[in-house]
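Novice: If you want the building blocks of each chain, they are given just below.
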Amino acid sequence: EPEVTQTPSHQVTQMGQEVILRCVPISNHLYFYWYRQILGQKVEFLVSFYNNEISEKSEIFDDQFSVERPDGSNFTLKIRSTKLEDSAMYFCASNKIDRGSEQYFGPGTRLTVT
Amino acid sequence: EDQVTQSPEALRLQEGESSSLNCSYTVSGLRGLFWYRQDPGKGPEFLFTLYSAGEEKEKERLKATLTKKESFLHITAPKPEDSATYLCAAGAFGNEKLTFGTGTRLTIIP
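Quick note, the sequences are listed as chains A and B, same order. First residue of the first sequence: 16, per our numbering; consecutive thereafter. First residue of the second sequence: -12, per our numbering; consecutive thereafter.
Hints should not be assumed to be uniformly reliable.
Partner residues are not named here, just some residues of chain B that face chain A (Cβ under 10 Å, in silico) [unchecked claim]:
id	residue
1	G19
2	Q25
3	K29
4	G30
5	F59
6	L74
7	A76
8	T86
9	F87
10	G88
FYI, nobody ran anything at the bench for these hints, they're computed from the structure. Built from N, CA and C at the ideal position, the CB exists for glycine as well.
Using the sequences and the accompanying hints, generate a full structural model.
Specialist: Structure follows, in structure tokens:
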């Protein structure tokens, strides 16, 4: 069964450094998402991406964040200058043509900012 | 603002003891109510989508139901492998995001 994959599984970085989190969505899906989950808290929406552009973003997704689909398979989240409060699990998700359909999530990248 | 509230926060059941998890939602125009299972340190795993009040979906020991304000996840004769956090999420017309609740942490004791 097709799955969303994410790399790395765990990333440790120092405050102020740039990080890039990588995702490979399910191959026939067209809508891509990033969510985050701070330890012990809710899963929170960050951004959605369709047709090579951002279609929606939350208040969390400020100028420090960017997304890109650099080729036909990868989808990346970049944090330019990490802060301690960026420490969280970051999940990539994707779904098919219909936006109302269920989103399938990857296993997540645990980001630790020290 | 869309809101999703789940109760209880945690539930411990004996193996075979049936129960229900609650999800209350306030969404301006529900396009779908989604149930996910999350194991520790893993991503949410899709279980069900419900679109309209009165709809029911079943999968093995789980059954999800939907009303205009709530959804219930009924678990019948649970087994230890059903232990996980169950997340409810709502999607509204006009946007693509899912709004999640905090989840119910379910523990099934053998």
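Novice: If you take the shortest Cβ to Cβ gap from B:F87 to chain A, is it below 10 Å?
Specialist: With Cβ-Cβ at 4 Å, under 10 Å, it holds.
Novice: Does B:G88 meet its interface restraint, that is, does its C-beta lie within less than 10 Å of any C-beta in chain A?
Specialist: 7 Å, holds
Novice: Can we keep the B:Q25 interface hint, with Cβ of chain A closer than 10 Å?
Specialist: 8 Å, holds
Novice: Using 10 Å as the Cβ threshold, decide whether B:G30 counts as touching chain A.
Specialist: The hint holds - B:G30 has a Cβ within 10 Å of chain A, the shortest such distance being about 4 Å.
Novice: Quick one, is the B:L74 hint okay against chain A at 10 Å, beta carbons?
Specialist: 7 Å, holds
Novice: Answer holds if the nearest beta-carbon of chain A is closer than 10 Å to that of B:F59; otherwise answer violated.
Specialist: Violated. Min distance 18 Å.
Novice: Under 10 Å, Cβ to Cβ, is where B:K29 needs to be relative to chain A, so tell me if that hint holds or is violated.
Specialist: 6 Å, holds
Novice: Have a go at the B:G19 hint: is there a Cβ in chain A nearer than 10 Å to its own Cβ?
Specialist: For B:G19, the interface hint holds, since the closest Cβ of chain A sits about 5 Å away, which is under 10 Å.
Novice: Less than 10 Å between beta-carbons is the criterion; does B:A76 satisfy it with respect to chain A?
Specialist: Hint on B:A76: holds, closest Cβ of chain A at ~8 Å, below 10 Å.
Novice: Let's test the interface hint: is any C-beta of chain A closer than 10 Å to that of B:T86?
Specialist: 7 Å, holds
Consistency note: the structure conflicts with earlier hint 5 alone.
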